[in-house]
Amino acid sequence: MIQFVLLISRQGKVRLTKWYSPYTQKERTKVLRELSGVILARGPKLCNFVDWRGYKVVYKRYASLYFCMCIDQEDNELEVLEMIHHYVEILDRYFGSVCELDLIFNFHKAYYILDEILIAGELQESSKKTVARLIAAQDSLVETAKEQASSISNIIAQATK
Amino acid sequence: MNPFSSGTRLRDMIRAIRACKTAAEERAVVRKECAAIRAAINENDQDYRHRNLAKLMFIHMLGYPTHFGQMECLKLIASSGFPEKRIGYLGLMLLLDERQEVLMLVTNSLKQDLNHSNQYIVGLALCALGNICSAEMARDLAPEVERLLQFRDPNIRKKAALCSIRIIKKVPELAENFINPAAALLKEKHHGVLITGVQLCTDLCKVSEDALEYFRKKCTEGLVKTLKDVVNSPYAPEYDIAGITDPFLHIRLLKLLRELGQGDADASECMNDILAQVATKTESNKNAGNAILYECVETIMSIEDNGGLRVLAINILGRFLSNRDNNIRYVALNMLMKAITVDAQAVQRHRATILECVKDSDASIRKRALELVYVLVNEGNVKPLTKELIDYLEVSDEEFKGDLTAKICSIVAKFSPEKIWYIDQMLKVLSEAGNFVKDEVWHAVIVVISNASDLHGYTVRALYRALQLSAEQESLVRVAIWCIGEYGDLLVNNVGMLNVEDPITVTESDAVDVIEIAIKHHTSDLTTKAMAMVALLKLSSRFPSCSERIKDIVVQYKGSLVLELQQRSIEMNSIIAKHQNIRSTLVERMPVLDEATFIGKRAGSIQATVSPSAGASINLPNGVAKPTAAPLVDLLDLGSDDVPAPSSSGGDLLHDLLGVDLSMASTQSGVNHAPKNGTDVLLDLLSIGSPTQSSQSVSDMLSSSQDNKTPVSPLEGLSSPSSNSIQPTSAGAAPTIDLLDGFSSNPPKQENNGTAYPSVVAFESSNLKMVFNFSKLPGNPQTTVIEATFTNLSTNIYSDFIFQAAVPKFLQLHLDPASGNTLPASGNGSITQTLRVTNSQHGKKSLVMRIRIAYKMNNKDVLEEGQISNFPRGL
Chain A
1 MIQFVLLISR QGKVRLTKWY SPYTQKERTK VLRELSGVIL ARGPKLCNFV DWRGYKVVYK
61 RYASLYFCMC IDQEDNELEV LEMIHHYVEI LDRYFGSVCE LDLIFNFHKA YYILDEILIA
121 GELQESSKKT VARLIAAQDS LVETAKEQAS SISNIIAQAT K
Chain B
1 MNPFSSGTRL RDMIRAIRAC KTAAEERAVV RKECAAIRAA INENDQDYRH RNLAKLMFIH
61 MLGYPTHFGQ MECLKLIASS GFPEKRIGYL GLMLLLDERQ EVLMLVTNSL KQDLNHSNQY
121 IVGLALCALG NICSAEMARD LAPEVERLLQ FRDPNIRKKA ALCSIRIIKK VPELAENFIN
181 PAAALLKEKH HGVLITGVQL CTDLCKVSED ALEYFRKKCT EGLVKTLKDV VNSPYAPEYD
241 IAGITDPFLH IRLLKLLREL GQGDADASEC MNDILAQVAT KTESNKNAGN AILYECVETI
301 MSIEDNGGLR VLAINILGRF LSNRDNNIRY VALNMLMKAI TVDAQAVQRH RATILECVKD
361 SDASIRKRAL ELVYVLVNEG NVKPLTKELI DYLEVSDEEF KGDLTAKICS IVAKFSPEKI
421 WYIDQMLKVL SEAGNFVKDE VWHAVIVVIS NASDLHGYTV RALYRALQLS AEQESLVRVA
481 IWCIGEYGDL LVNNVGMLNV EDPITVTESD AVDVIEIAIK HHTSDLTTKA MAMVALLKLS
541 SRFPSCSERI KDIVVQYKGS LVLELQQRSI EMNSIIAKHQ NIRSTLVERM PVLDEATFIG
601 KRAGSIQATV SPSAGASINL PNGVAKPTAA PLVDLLDLGS DDVPAPSSSG GDLLHDLLGV
661 DLSMASTQSG VNHAPKNGTD VLLDLLSIGS PTQSSQSVSD MLSSSQDNKT PVSPLEGLSS
721 PSSNSIQPTS AGAAPTIDLL DGFSSNPPKQ ENNGTAYPSV VAFESSNLKM VFNFSKLPGN
781 PQTTVIEATF TNLSTNIYSD FIFQAAVPKF LQLHLDPASG NTLPASGNGS ITQTLRVTNS
841 QHGKKSLVMR IRIAYKMNNK DVLEEGQISN FPRGL
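Those protein sequences? They're chains A and B, same order as listed.
full-length UniProt numbering puts the first residue of the first sequence at 1, with every later residue one more than the last.
full-length UniProt numbering puts the first residue of the second sequence at 1, with every later residue one more than the last.
Pairs of lysine-lysine, DSSO-like flavour, derived with a Cα cap of 27 Å:
id, chain 1, residue 1, chain 2, residue 2
1, A, Lys13, B, Lys32
2, A, Lys13, B, Lys21
3, B, Lys338, B, Lys367
4, B, Lys428, B, Lys401
5, B, Lys206, B, Lys189
6, B, Lys367, A, Lys45
Pairwise CB distance ranges (calculated):
id, chain 1, residue 1, chain 2, residue 2, range
7, B, Arg152, A, Lys129, 14 to 22 Å
8, A, Pro22, B, Trp421, 49 to 57 Å
9, A, Glu147, B, Ser117, 18 to 26 Å
10, A, Ala63, B, Asn780, 51 to 59 Å
Cβ-to-Cβ under 7 Å is the rule here; a few derived chain B residues that face chain A:
id, residue
11, Arg11
12, Ile14
13, Ala54
14, Gly63
15, Gly81
16, Phe82
17, Leu90
18, Glu98
19, Arg99
20, Tyr120
21, Lys158
22, Gln199
23, Tyr239
24, Asp246
25, Tyr294
26, Tyr330
Just so you know, the hints here were simulated from the structure itself, not pulled from any lab data.
Quick caveat: nothing in here was measured; it's all calculated off a predicted structure.
Cβ atoms here follow ideal geometry from the backbone N, Cα and C, with glycine treated the same way.
Modelling step: build the complete structure from the supplied sequences, incorporating the hints.
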C-alpha cells in the first residue's frame, strides 16, 4: 500500500502531502525534510527509487515538481511509476496543461482529484475518463450551490433595499 | 461579519505568502491570517467558514500549527450543503489523523452521510473513512460500508471496497463479514470495481485464513478467466497504457493469484497457462509492460513449483538485469533477492552482472546489489567475491564505503576458510577503509590474530608494511600498534617467516618509531594514544636498547591535559624507571584471547556488567587493561619468593580471588569443593591478610601492579575479578586487604527503588540477626541492591563490627561502607550496609553468598560465619 504521497518543488517547497498511515506533525516535518534532501539531490539519469527506512520511495520529476509515493517493500515500483503518471495525466487534462502554479492556487482541486484515484493508499480507478467525469460532476454540484446561494442573497438584498 | 477576514480571499492570501521575500515576512503574514481565522472561529462566522478552512489547509501545508481549526472541519461536515461537506472532509483528512480524539466526534456525521441520498456525499464520507478511520470507527461503521459494497452506483462500490480494506486492517476480526460481498465484486465488469474488489480479496487473504481458503476454492478459476480476458482484450482507449489494456488490473490480478497459488498445488496448476502467456506475450519495451512482467515473475516464484515457468521467470530477470534502464535493473536486483531462496543456482549465474551493479553510479542500485552479493556469498565463492569487493573499495565513493566495509567484514568473518586469509583480507580492508571499520570489527581482528599463534610474526610484519602505506587509517594504526607491542620481537627478528613473505629489515628503533609517530600524530584519538602508550611499555621490555628512548617518549605525556594519558605516562614511567626487576614479567605477552567468549559477547547483548572472562576480552582489544591478571600472579609468586611464603593454599586462593584463573572454572566450584578439601575458601582468603605478608615488598608490588593497571576504569578492571570472591571492608585488616579494598571500593550510589522482593532473615544466631532487603536498579535486571541490617540480640555492646561476604564467580559483589562499627545492645539500634550483587547468570542461577561477621564483645573477638542460600528466586 502507499504510505504517503508528496509533491515537492525543485526548491524543496511542499505542494501536496497525503498521509495514508498515521504520522504525527513532527514526523511529517521530519519525513519531508529527509526525503526532499535525498530526492532533490539525485541526478537525472539515476533510477526513480530510493530505499528509505525499510520502505521504497518512488519519485518522478515533471517539470519543476517531484511526485513521490512511499510504498511497502513488497509493492511493485514500476506500477507506482505508472500510478504517478496516471495522476499527472488526469491533472493535466483537468487544468489543461497543468503547471506548478495551478497546483499552488488550486491545491484543494489537486487533493480532490487524488481522492478520486487513491483511497486507503490503494488505487481506486484506472480510467482517466471516469475520474474526470466524477470530478466534473462534483464541481458542478458546487457551482449550482453557489449560484443558488448568490441568487438567494440577491433576492434578500433586493427585498431589503 | 468579521472585519479581518472579509478582505482576503484564498487566492489573495496565497499570493501574499508567495510574495514574501523572507521567512520572517512569511511568518508575519501567516500570523495575521491565523489571527483573523481564530477571530472568525470565535465569532462562529458561517459565511466564510469554508474559505477559512481552505486557508488553514494551505497554512498547514507550509508547516504551521493549525490544530485550532480542527473543530471547523466537523462543523462543515455537519452542515447540509455539498460544497461545505466537500471542503470539510478534505480538511478532516488533512488536518487530523486517526490518533486524535476529535476524530471520534465525526463518527455520527459520517454515519449519516454514508446513508445520504446524494451519492457524491456518500462518496466523500467513504473516502474520509477509508483514509483516516481508527479501529473504533471501523467497528462502528463497518455495517454501513458492507452495505455500500452492493450500492447501485459502481463508483460507490469501488470506494466501499477500498474503505473495507482499511477496516479489516484496523480490525481483522471483521474480515469474515466481508468475504462474501468481496467475492461478488470479482464478477463485476466495471474496471474500478474489479480493481478494488481484487485488492480487497488480496488483503482479506492476508488477514484471514478462511478468506484465503474460500477464494481459493471458489474464485481461482474465475480470476484466471478474468486475467485471460484482460490480456486478450482488444484495444480499449479508456484503459490503454502503452498498448496494454489496464496494466493496473493485470497487476492486481497477478497479486491475488499469487496469494491463492502459494502453498496450493491445484490452484497453482490452474494458473500455469495464463502465467506462461503473460510472461511470454507481454511487450517489454515500455514501463507498463515491464511492471506486469515484474509482477508475473514474482507470482511465478511464489506459487508452487513448475520448472518450465521458473526458467521463463529467471530468463526475464536476466533480461531485466542487462537492461540499460536503471529502474529495470533495480527491480531485477530486488527480484533476484527473492529468487535466491527458490533457485540459488540460477541467481549465481548472474553473479558477474550483479557485481558490476555494486559499482554502479546510482546509489540505490549499488545498495541493492551489495545486499544481493551479500546473500550470494558461500564457502565456494567467498574468495573471488571478496577480492572483487575489496578491489572496488579502493575506488568507491566515500559515502558508500561505510556500507561496503561493513558487508565485506561480515562476509570475511562469516566464511573465511582459513586464518591467514582472514588476516590478509582484514588487513586490506583496514588499510583501505580503516576509518569506516566499526570498533567491534577491529576488536575481532585482534582476537583472531591473538589466536593464530603461528601467524603472529607474519601478521605483525604485514601490519608494519601496511602502516608505511596508509598511516591515516585509525583502526589499522590501532591493530598495528597493538601487534607491534605484543609481537615486536617477532617483527625485528623475522621470526616465523612464511614462504609467501619477503623478508624485511626492521630495527628495534624502527618499531619504536612507528609507535612514536602514532602517539604523536595529531589525528590520533585518545584510544590510539593510550594503546600506543601500552605498546611502548611492552617494547621497553622487549627492546632494552630502546628503553631510555621510550622513557623519554612516555615522560612527555606526564603533563598531558588528558587525564588518561597523564596517568598512564606517570605510572608507566615509574614502571620503567623503578621496577626493572619485575617489568619483563609485567609486560609479558598477552595470553590467547578467548575467541568463543568474544564472539558470544558480540552476539549477546552489550551488557555493562562484566563476567570475569568476558571482562578480560572486552578490555583487551583496547589494549587498555592489557597487563591483566597474569602478571599479577607472577607478582604474587615473586612476592612469595621474597617473603616468608604464605600457605600454598592461600596462594591458590589468591589466583581465584583475583580472577586470575582465566580458564572458565568458576569459583562456584571452588566454593563447593573447598570445604571438602578441608580448607574453607573464605577463611583462606581472609588469612592472606595475616601478618606473614605485611612486608613492604608485597604491598609495593601490588601497588606497582596498580600502576600498571590503569585502564579507563582502573577500579573496575581490578574489582571485577576480585570482587567475585570477596570484598573486605574492614579498616583494621592487614595491608594486603587494604590494597584490595582500595581497588574495589567503588563507591556505588545508594539507590533504593522500593522493595520488589520480600525481605529475608539472611542470618540469625543467638547473638546476632541480619536481615536483607532487596531492590533492583531500573533497567538493569542483573543487579540487585541488598540492604543488610544487623541487629544485636545480646545484652552486650559489639564494637569493631565487620561484615564480610564472598560470592561465586558468576556473581559480582560490591560492598558499600557500613553505617557504623558499633552495634548497641538488645536491638537498640542497628548497623546497615549496602551490597550490590550483579548476577551474570541472571535467570539461570540464583544468588548464593558466604558471610563472615567479626566483632568484639566484652573485648573478646567473636567470629560468626554462614552461608546464605535463602535468597528470593529470580534475583
